[in-house]
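Trainee: Chains as they are written, first to last, in our numbering: chain E, 1 to 458; chain Y, 459 to 916; chain V, 917 to 1374.
The reader is advised that the hints may include incorrect statements.
[To be verified] Think about it this way: if two alpha-carbon atoms lie no more than 30 Å apart in a straight line, the pair counts; the simulated DSSO-like pairs of lysine-lysine are: (1) E/K244 x Y/K828; (2) E/K264 x Y/K891; (3) E/K433 x Y/K828; (4) V/K1349 x Y/K891; (5) V/K1140 x V/K972.
It should be emphasised that the hints constitute simulated quantities derived from the structure, not laboratory data.
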Amino acid sequence: MHLDQYREKPHMKKKMEVFCIDSIFDELFPICRSIAGPGIRESFSILQKYMPLDIKAIATGVRLFDWTAPKEWQLHRATLHGPDKKIILDTEISNLHILNFSVPFKGVVDLNELQNHLYSIPNLPDAIPYVTSYYAPNWGFCIADNQRKKLLPGKYEVEIKTEIQDGYLNYATCDLPGDSAQTILISSYLCHPSLANNELSGPLAMLLIYQKLRQLERRRYSYKFLLAPETIGSIAFLAMEGSKLRDQLLGGMVLTCLGGPESKISFKLSRSDWVGAPTVMDRFARSMARLDSENFSLREFDPTEGSDERQFCSPIVDWPVIQAAKTVYGCYPQYHNSLDDKEFMSIRSVQSSAECLFAFLKILECGDLKLTNQLQGGEPQLGRRGLYPNINGPRTDDFSNDTVYDGRRLLNAILNILSLSDGRHTLIEIADKLNISPIELIPAFEQLVINQLISAGN
Amino acid sequence: MHLDQYREKPHMKKKMEVFCIDSIFDELFPICRSIAGPGIRESFSILQKYMPLDIKAIATGVRLFDWTAPKEWQLHRATLHGPDKKIILDTEISNLHILNFSVPFKGVVDLNELQNHLYSIPNLPDAIPYVTSYYAPNWGFCIADNQRKKLLPGKYEVEIKTEIQDGYLNYATCDLPGDSAQTILISSYLCHPSLANNELSGPLAMLLIYQKLRQLERRRYSYKFLLAPETIGSIAFLAMEGSKLRDQLLGGMVLTCLGGPESKISFKLSRSDWVGAPTVMDRFARSMARLDSENFSLREFDPTEGSDERQFCSPIVDWPVIQAAKTVYGCYPQYHNSLDDKEFMSIRSVQSSAECLFAFLKILECGDLKLTNQLQGGEPQLGRRGLYPNINGPRTDDFSNDTVYDGRRLLNAILNILSLSDGRHTLIEIADKLNISPIELIPAFEQLVINQLISAGN
Amino acid sequence: MHLDQYREKPHMKKKMEVFCIDSIFDELFPICRSIAGPGIRESFSILQKYMPLDIKAIATGVRLFDWTAPKEWQLHRATLHGPDKKIILDTEISNLHILNFSVPFKGVVDLNELQNHLYSIPNLPDAIPYVTSYYAPNWGFCIADNQRKKLLPGKYEVEIKTEIQDGYLNYATCDLPGDSAQTILISSYLCHPSLANNELSGPLAMLLIYQKLRQLERRRYSYKFLLAPETIGSIAFLAMEGSKLRDQLLGGMVLTCLGGPESKISFKLSRSDWVGAPTVMDRFARSMARLDSENFSLREFDPTEGSDERQFCSPIVDWPVIQAAKTVYGCYPQYHNSLDDKEFMSIRSVQSSAECLFAFLKILECGDLKLTNQLQGGEPQLGRRGLYPNINGPRTDDFSNDTVYDGRRLLNAILNILSLSDGRHTLIEIADKLNISPIELIPAFEQLVINQLISAGN
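Using the sequences and the accompanying hints, generate a full structural model.
Mentor: Written as C-alpha cells, this is what we have:
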C-alpha cells in the first residue's frame, strides 16, 4: 500500500465550494419538485454543472417490482380566492401551498367543503405543511393554521392548474472509478419542493463529497452517486440497475438531513445489522461512533421510518447500506413544513457534514486492510531502527526512542500495532482494541510500513 | 398456514371443567398412593373417566437402567396406641401418619425406641410430614410435633398392617395426534398420598390442558401425556418407551405445583439450556418470560432438586424438557406435609395455570414458522392494499391507513414484520426483536398473510 | 485416571527448601550479571546444584531472527574518584554503580562532562538505578541522587575496567518428563545484577516448583524449564529450539517478580487471549482467578510492557504462554533500583508463590479431562451406593447420605457433577458452572470415580 495514496491533491480549493453550494442552494430551493415531472429534471440540470450526472428516464407505467412508474405532475399555478374575492393562497408565493401531486380543479366551494381539502399544523400555526397524495387522486391546499382559522364562511374560488400525464420517472447517477471495481453507493433524494434540511442538504453534501473524492490522487474503491425521487426513485434504481450493481457493491450510504444545528453525524445502521449480521458499513460506523464519539453516533435500523435505506435494506434486497443524517427527519418541528428553510439549515453545517463523511470514507478506504508482521520470531530489534531508546533506565522512561519525548505514546502505538499485526487484524480493529481513534495510530503505522516491519493487504 | 387452524371449537364449555376438577380432586385426595400398588391404580381409574389413559404395568424386578421395578406397597391400616391404651395415630384419620412404604410391624415398644421411628417437623408443630423409605426397609409414623411432645414414657403398641409384595409398577399415557408426528410430552406424577399443590395440581392441570388441546380444530403437533410415580415412573417410561419417543420428540413439559397462591408460571429450563444449548422449549420459555413477564418467569436447571425433569434431563437422555410450576416445591412451608391441602391449593389457581400453559402451547404451535416476503425488491406498495395512508401529511401521522387511527401501531407492526420476514425470522423472534408480546403482533401478521405479502413455513 | 497419581510423595521435605532458597539467594545476589558473560554462567553453576540444568551456548554474531547473539560483557571493576581523589563510586560496593554493558573507559573528565554519564532517580534520592545500554556503546555510572547532588565542580577520574569481546550467549533448560510428550514451559530470566524481586524471585520460585513437580508420583504432562537472559535469551531459545518445542507445547508460564509483599498471584494472559482466542493457559488462569479470587487475579496482555512473554507471544510465534507475577515490575518504587533487595523481596513470599503456582499446575494436570456418565438413562440409584439418604423427610434434608450431615454439600456436588458429566464438560468447567473452587469438588469427584459412575478422559 502506498501510504499517500489517499492524500488529497494540493489544488483543492475549499473557499470555492462554500460559495458554490450556497448559490446552488438558492437556485434549487424555489423549484416545485415532485416524484416525477419537470421540477426534478430542472433540478438535475442545475446539479449537472458540478457533477457529470447521467439522467435516466423510465416511461410511465413501467412495472418496478410491486410499483409502477407514475405519471408526471406539473404545477402551473394554484390559487385560492376568498368570499371577498381577495387572493388567499398562491403557489407563486410558496409552492408548499399546493397538495403535492394534486389533481387539477377549478370551481367554487363552500368553506365547509373546502376544509376537507385544507392541510395545516395546529401546533405550528405559522408553518405551511408539506403534504403529498402521489397515488390517490385528490386536490388540496396546505395552509398556515393561523391563516386557516381566519377563513370566513362563504364561497371560495379554487383554481388548481396542474397537469398529470404520461411521461417519465427520472433519476440520475454519476460514477467515480477507483482501483477496484468494488463500489460504494452514495445516494440522496430530490423530490421535495422548497425544503432545506430535509431535502437539499443531502444533494449538496453529496456534491461536496463527490468533489473531495474526485480530488484524491487514488481511490481504492469506485463510487456510484445516485440522486432520485425518494422511495419510488430508489425502487426504480433497484429494478433497473440493482442486480448489476449488487455484485460489486461494497456498501452504501443514504444522505439525508445533513444541514441542521446538531453537530454529530448519526448513522442509521443497516437492516442486516439489526438482525445480527453487521455489514462492513455497520462495522465502520460502529467503530467510528465508539472511537470518535464527538463526531459520530448511531441509530438502530427501523423499517417504520427513514428514507431510501428502507428500499435498499428491504429484506430480499438487503444491501449493506447505512443512512447518514445530522438533525434527523421527524425529530425537529421544522420537519416537512415551511420552517425547514435556509435559516434552519446552514450551509456551514452541510459543509461540516461533508467533511465528516469524507473522513469516514477515507477510513473506510484503508481501515480494513489486514496488517502482518514481516519478521518471524520474537519482537524486531527496534533500537537499531531508531524506534526504541538505546539506553534503558529511569531517564528514558518517557522516550519513544533516543529523541522523541512523548510519554512513549509513539513507542506504545508501535508495540501495540506490531503485536496485533498478525495477519488477522486491521487498522480499525487495532484502533478498536486499543480504544483509540484510528487517526491517532497513523504515525506509528507509517513508521512500521516505512521500516518494512509490517505489510497491509486484503 | 391456515390462520384459524389453532382456534378453539366454539362448543368448549368452561363451567363444566371447573366443577369437574373440583370433584375429581375430592375423589383423588384421600387415596393412599405410593410409587407402586393399588393406590396409584385407583387414582388412574378415576382420571381415566376424563382422559383415555393407557395404563402400563411393569413386573416387580424388571431392570430399568440402574433401577429395578419395585414391589407393590399396600396400606391396610396403621395405628399407634399409647401406654394408656388410647389411640394416638391412625391412618384412617390421615394416611400421612404412616411412613410411606413402611414394612409391616406389630409389637410393643418403649417410648425411647418409638422415637427412632417417629417423624415430625419441630418448626411446623401442627403439620404431619410426608416421609418415604422406598428402598430401605423401615417402619415408622409421621406425627405432628405438638402431639409428639406430649407422648409420655411407657409402652406403645404399634400395629402396622401393610403388605410389600411382588406386583407391578404402573404408569399411564394418553396420545392426542396432530398434523405432524412431532410430539410434545406433557408429564406429571401421581404417587403422593393426600397432598394437594405438590401432587394433585399437576394431574388436574394436565387434564384441563388435555381438554383444551383436544378441542382445537387442528393441532400442528402431536401430544403425549404421561402420568407416573415420580422418579421411578419416569425412569420406567424412559426405559420402556424412551427410545421410541426420542426421534419424534419436539419437547416436553413436566407439570408440578400448579395450584398455589403465586400468580406466575415459572419454567425450570432444561439441562441443555443450562449447559449453553437451549432447546426449542427453552427458547419459547425464555421468550415468553421476557415478553410476557406478568405471566411467566424462569428458573435455571438444577439437578439437585425438582421432579421428573431430572430424569428426562439426565445427561445421557438429555431431552428438551422443561418443568412448569407456580408455587414451587421446597419454597413454601406447606411443602410435603399435611398443610398442603385444598385450602392452600385452589382449584382456581390450577385453572389459571392450565390457561397460561395452553396459551404457551398455542404460541409453541405457530411461533417458530419462518416468515418470508412474497415480493422482491423494495417495500410493497401498501397504500393500494389499504395498508398505508394515501395522503401523507401531519393529519395522517397517527393513522395506520386511511381509516385506522391507532398511533400507527398496526402500520408499524406491518412494516416491522415485513422487514424481518426474510425467511430467517419467526414470529416469536420478531416479537423478541421488537420486545413485544407475540400475541400483539397477530393482527398485522394476519393482514400480511391475507394479502399474500408474507408466507409462513418451516 | 488414577486419582492418586498427582499426589505428592510423602518424603518431600519442606524445611530443607526454605533454608535452601535462602542461602541460594545469598549466593546469587552479589554476582554482576548481564545478558552475556561470566556473571550468568556463574549463576547457572550455582543453580545447577539443585536442578539438572543443561547450559546452552550460542557464539557471538549468530543470527537470531531479527537479532544477533551479542558479545560478552565482563566487569572487572569500575571506580570514580573525585577532585579530592577520594573514591566516590566503586563496583566493589555495589555492582549497580556501573552502567550495565558499559564500554571500558579510563580518563579524567570535568563534572559537566561526567554528568552526561551519570544516572540517578531524583524522586528516589537514595536509590541507585539499574541502567543498561546493551546495543549502543556508552560508558556511565549509576548513582544515588543525593550523592550526585553533592558532587563538586572539578576533575573526576574515571576508571571503568570492563571487557566486551566475542564469546557466547548462554541459556539453560531442564526437562522433567511426564506420561505425555505434551509439554509445559516454565521460564524465568537471569541477567540483572543484584536485584531481588525483579530477578531472583523468578529463578528461585522455579527451583521450588521444579522440586515439587519432581516429587509427584506421576505427571500427566512433561515440563521444560528455561532460564535465560531476558528478551535476547528467550529469542535465542525460540530461534534454536522453538520449532521443535512448538508441536508438543501445551502452554507456558513466565515467572517474574514473585517475592514482593502483594499476596495474590496475578496472571498476565497471552496475546492470543487478548485477540479473543484464549488458550488453555488463559482458560485455566481465568477460571482460577474467578473461582479462587483470594489467591489469583488477572492482567490483560499488553505488548508494551513485560518480560519474555513478549517474545513467546509475539504475533508470529503466538505461543500459549502466560506470565505469573505477584508485586509486578513497574508498579512498585523499588523496581529496577538498589531498593529491590532481600528485605523488599521475602523468601517466604517466594515460597508461597511457588505453592500457589504448583496448585495451579495440579489443576492444569487434571482439570480439563472430560467427564462422562457411565450409566445410561436417568439418574443412577445413589441410595444403594450409600450416596443418598434412604429415608426422605424433613429429618434428612441436610444429610448427603445416611451418615454425612453437611447441608447436602457432598450430595449436591455429586448431583451437579453427574448432571454435567455428559462427555462435554471438564472438572474445571463444572467448577466454573457451579461457581465453586475446583478443589472443593474433589471429594464428590472421587466418590463418583470410585463408584464407576463417571469416567474421566481426553
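Trainee: For every hint, state whether the structure bears it out.
Mentor: Hints, verified against the model:
The suggested pairing of E/K244 with Y/K828 holds, with an alpha-carbon distance near 29 Å, which does not exceed 30 Å. For a cut-off of 30 Å, the pair hint linking E/K264 to Y/K891 stands: about 27 Å separates their Cα positions. For the suggested pair E/K433 and Y/K828, the alpha carbons sit about 37 Å apart, so the restraint of at most 30 Å is broken. With a C-alpha separation of about 28 Å, the suggested pair V/K1349 and Y/K891 falls inside the 30 Å cut-off, and the hint holds.
For the suggested pair V/K1140 and V/K972, the alpha carbons sit about 14 Å apart, so the restraint of at most 30 Å is met.
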